[in-house]
Every structure is written in C-alpha cells, then in structure tokens.
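Peer 1: In case you want the letters, here they are:
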Amino acid sequence: MNKTVLIILTTAVANYSLRVIPFFISRGKDLPPYLKRFLEYLPIAALGALIFPGVINSFQQNPAAGIAGVTAAAITAWLTENLIYSVTASIAVTWYILQYI
Amino acid sequence: MNLAAAKNNSDILDGLKNGLPVFLGYFTTSLAFGILALSSGLNAFEAIIFSATNLTGAAQFMAINLFASGALASEIIISVILINLRYFVMSASLSNRLLSFSKKQKAIVAFGNTVFSIAALREEVPTFKFMIGLEGISWLGWTSGTICGVTMGSILPSSLQNAMSGALFALFAALLVPEIKKGVRALIIASSAAILNSLIFYKLKLSEGWSIVISMIIVTGIAAAFFSQEDIQDIAVEEAESE
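From first to last, the protein sequence lines stand for chains A and B. Just so we're aligned, residue 1 is where the first sequence starts under the numbering used here, counting upward by one. Just so we're aligned, residue 102 is where the second sequence starts under the numbering used here, counting upward by one.
Chain A extracted, bound-state conformation (with noise of 0.2 Å):
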C-alpha cells in the first residue's frame, strides 16, 4: 500500500473516532461556550489561511492569474452561491490571463 493511501485510511480512522466516540461516551453537560465557539471557527479561519499565501505561491510565474481567479470565484459565489459556478467561474477567468496576458 503507497504513502498516500495509508495516510487516507489514517484521516479516515481519525474521523470515523470523532464521530463515534460520543455516542459512546457518557453523555456530560453541554460544552463551555468558548469551546462551541472555537468549533465554530475553526473552519473559518481554516478557509482563510488555506487561501492565502497558498494561492500565490501555486502560481509563481503569474500571482495575478491566481489571485484573478479567487476573485472571480468569490463574486460568483456571492451572487449564486453555488459551487460549481464559482469554480467554473475561476477556471475561467485564470485559463484566459495564462493564455494571454
């Protein structure tokens, strides 16, 4: 089995634990607010950093290409809110300047 593969089956087992060990758990008091909170988050703050500096650095000879496309991905999900659109959208706008600006 490669590399890849053991690390899948090993986010899988990880996920599969948070999702079942609290049907089995003795059921505690609700969680202290700054933990909801913090869950809450999470996945925000998540989004923001994955975007930035990554969407830079993924294109190194053109940034704008790769900044253009966040944008346009991110109007057309304000307007539709719709993943694919917004995708489609960023391929776009980021195949058209790698072709020809």
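Keep in mind the hints are simulated off the structure, nothing from the lab. One should not assume that every hint holds.
Stated by the list, open to error - Quick list of in silico lysine-lysine cross-link-like pairs, BS3-like style, CA-CA up to 30 Å:
1. A:Lys3 to B:Lys306
2. B:Lys118 to B:Lys204
3. B:Lys282 to A:Lys3
4. B:Lys118 to A:Lys3
5. B:Lys230 to B:Lys118
6. B:Lys306 to B:Lys283
7. B:Lys230 to B:Lys204
8. A:Lys36 to B:Lys205
9. B:Lys204 to A:Lys36
10. B:Lys230 to A:Lys3
Go by the hints and put chain B onto chain A.
Peer 2: Showing chain B alone in chain A's frame:
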C-alpha cells in the same frame, strides 16, 4: 408482506427521500473534489478511496492541497482532525436523539453522520432504517460524484489542467463567501488567518501545513475569546441545548 416489514421499507424510503437534496449537494461538490484531486497529484483510485472512507468535505479539499504541497503525513492528519473536531459536537447532538439504538446500530450510524442536522431537526425520532436510507444516499452522492469527477478530470486538455491548479482556492473562497454573507465576523476571522498564515509562512519559513495549523488555532482561539455567543449558527448545538 406483514405490517412491520412494510414499516421498515417505508422508513428506508423516507430516509432516501429526505436525503435527496443532500445527494445533489454532495454529488456536485465531490465532482469538483474528484477533478481537483487529480490536478493535486492524487490518482483516481486514491481520490475515490478518500471520499468513500472519509466522507468529509472541507477537510478532503484541504488534504489534497497539502498533498500537492508535499506536506508530511503528520501535518495532513493533524489538519484534518482539527477541521473535523466539530463532528464530535454533531455526534454528541445526534446521539441524544438515538438513545434507543443498539451499540451496533450506533457504530454504523456514526460512520455517515454528516447529515446530523436533518436527523436532529426531525420531529419524530429517526429509526435505524431511516438513518440508513438518509446516510446511504448521502454516501452514494459523495462517492459517485468523486468517481464522475476523476473520470472528467482525466480527459481534460492540459491547458485547462494548468488553470485548474487554482480551482481549489476558488472552491475555498466559494465555501467562505456564504459565511461572510451571514456576518462580517467570518470576514474578520478568515482575513486574520490569511494574514497570520502569510506572516508565518514567509517570515518564519515554516512548512505550509504547520503554518496553516498554527495560524488557524491562534486566530480561532482569539476570535472565540473576543466574539460573543449570539449569532452562532450551529443548529446542532442549539438543538442539543433545547432538549
């Protein structure tokens, strides 16, 4: 067919019916995942295994980004766990409603617990058969979307594949924007994380994976301390509180 069997079947159908919107949403998202997984360097088999065994959204997209940047196994696994800590809360909420389930049933239902909000918001207590229908169709949507995605991805021309190396970031932005529409708070949190991550990555020269992990923990820790409870939009948590 006796009455009990008819009831069982109608519960499965009911679960499938309730899961149909989930199927469509998952299918289209994992279609994107399948395409992007290929452009991030995974092969079709790995991408499909990933979806079928993990059944998790944002964390899978993050992981393929880290795979592409050559991150260590530990960075990838810890990042996935952090993003998915919230499943712990969702399962805690759902388990409150499924007290009558046997241990085996709980162990099965836990695997597909991404649809907790539908199950938690239902008036009547969901039965095991209902949960199997609901989670089964969700899993099918996520896995079959990935299969279609890797099929499409492998036949795209190379100029498009180049452009697609930025599509993952577009997807992150598209996931983030609805949160920002709900309130400026998400914009503050996300941009703080973006700035801190850039500082850590460029100034401290940490790897991309650790830089993301550290910046998201610091920003979330501060944000959770400074922002008040009021507009938390977690249905599961509210539901748990009201019971």
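Peer 1: Against the structure shown, which of the earlier numbered hints fail to hold, in ascending order?
Peer 2: 3, 4, 6 and 10
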